[in-house]
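UniProt numbering applies: residue 1 is where the sequence shown begins, and numbers increase by one.
Keep in mind the hints are simulated off the structure, nothing from the lab. Keep in mind that a hint or two might mislead.
Label-pair restraints from in silico Cβ distances [what the hints assert, rightly or not]: (1) THR131 to SER54: 15 to 25 Å; (2) ARG119 to PRO22: 25 to 35 Å; (3) HIS147 to GLY187: 41 to 51 Å; (4) PRO22 to SER56: 44 to 54 Å; (5) ARG186 to ARG154: 31 to 41 Å; (6) LYS191 to SER145: 33 to 43 Å.
Computed list of lysine to aspartate or glutamate pairs in DMTMM-like fashion (alpha-carbon distance at most 25 Å, straight line) [stated by the list, open to error]: (7) LYS57 to GLU165; (8) LYS90 to GLU60; (9) LYS143 to GLU60; (10) LYS84 to GLU165.
Keep in mind the model is a prediction, meaning the values are calculated, not measured. Backbone N, C-alpha and C define an ideal beta-carbon position, used for all residues, glycine too.
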Amino acid sequence: MAAIRAILRVSGKTFMADPAHPKLSNDALNISGTSRDGTKVAITDDYFQQVFASVSKKDEGIACAMKLSRLLGLRTEETVQSVKSLQTWKKALQNGDEKVRVVFGTKGGRPRDTTIINRAETIDAINRAITYSAENNGKLIDKPSIHLAIERYRNIVREAGLVGEFAPHSLRYAYTQDVLKLHRYRGFSQKESEALTSMDLGHGDGRGHYISRVYNKVRIQ
């Protein structure tokens with residue numbers, strides 16, 4: 001169902017893609033009891049650097065987008081549309097904000113404020129993306145539509161090794177682990193940190209336990 005909603009969002013049918021839709025929610029469709037734990041784990045730093053280097057050689061714009069996904073916990077569509085918010089994010093960081101607002105490509109069209117886990121690295125990634133887009137017609141991915149840009153992004157990162165347990169969503173899993181640790185470091189309790197992390201991901205504060213169970217998986221050697 002998540003895949004169908006993603007297709008609807010890309011097609012511009014955001015109302016129908018809303019998981020809270022009265023007639024199209026999981027509850028309404030009687031599929032709410034299925035497991036959503038998934039099989040992905042957080043990408044390791046070493047493997048991320050390996051894939052990032054490979055992607056950088058093939059497509060610098062996609063490498064910029066991929067880096068932002070890792071640093072801000074972006075979903076694929078959010079990653080592809082991140083170019084629209086680069087200047088806003090840069091200004092937020094310059095103002096000393098601890099969060100940036102993710103507006104475009106969000107699930108259900110709901111903006112969220114995402115905690116910055118590494119300010120210096122995020123500033124560098126945003127500046128790199130701004131420079132690239134300025135030299136490439138304001139785009140990170142040179143495709144005429146969001147759908148084609150998403151397809152291009154997925155193809156390039158998969159060819160570079162983001163497959164299986166380390167599929168693109170594993171970047172978001174890694175961000176989740178980092179931001180949860182950051183909230184704990186700042187003095188919040190485990191439950192508070194889980195709730196804050198859930199909000200960083202756009203799930204709301206009531207999904208903390210789910211976030212802890214699903215996103216904090218590690219690879220078993």
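Taking the hints in turn, this is what the structure says about them:
| no. | hint | in the structure |
| --- | --- | --- |
| 1 | THR131 to SER54: 15 to 25 Å | holds (21 Å) |
| 2 | ARG119 to PRO22: 25 to 35 Å | violated (41 Å) |
| 3 | HIS147 to GLY187: 41 to 51 Å | holds (43 Å) |
| 4 | PRO22 to SER56: 44 to 54 Å | holds (45 Å) |
| 5 | ARG186 to ARG154: 31 to 41 Å | holds (34 Å) |
| 6 | LYS191 to SER145: 33 to 43 Å | holds (42 Å) |
| 7 | LYS57 to GLU165 | holds (23 Å) |
| 8 | LYS90 to GLU60 | holds (20 Å) |
| 9 | LYS143 to GLU60 | holds (14 Å) |
| 10 | LYS84 to GLU165 | violated (29 Å) |
Going down the numbered hints, you'll see the structure goes against 2, 10, while the others check out.
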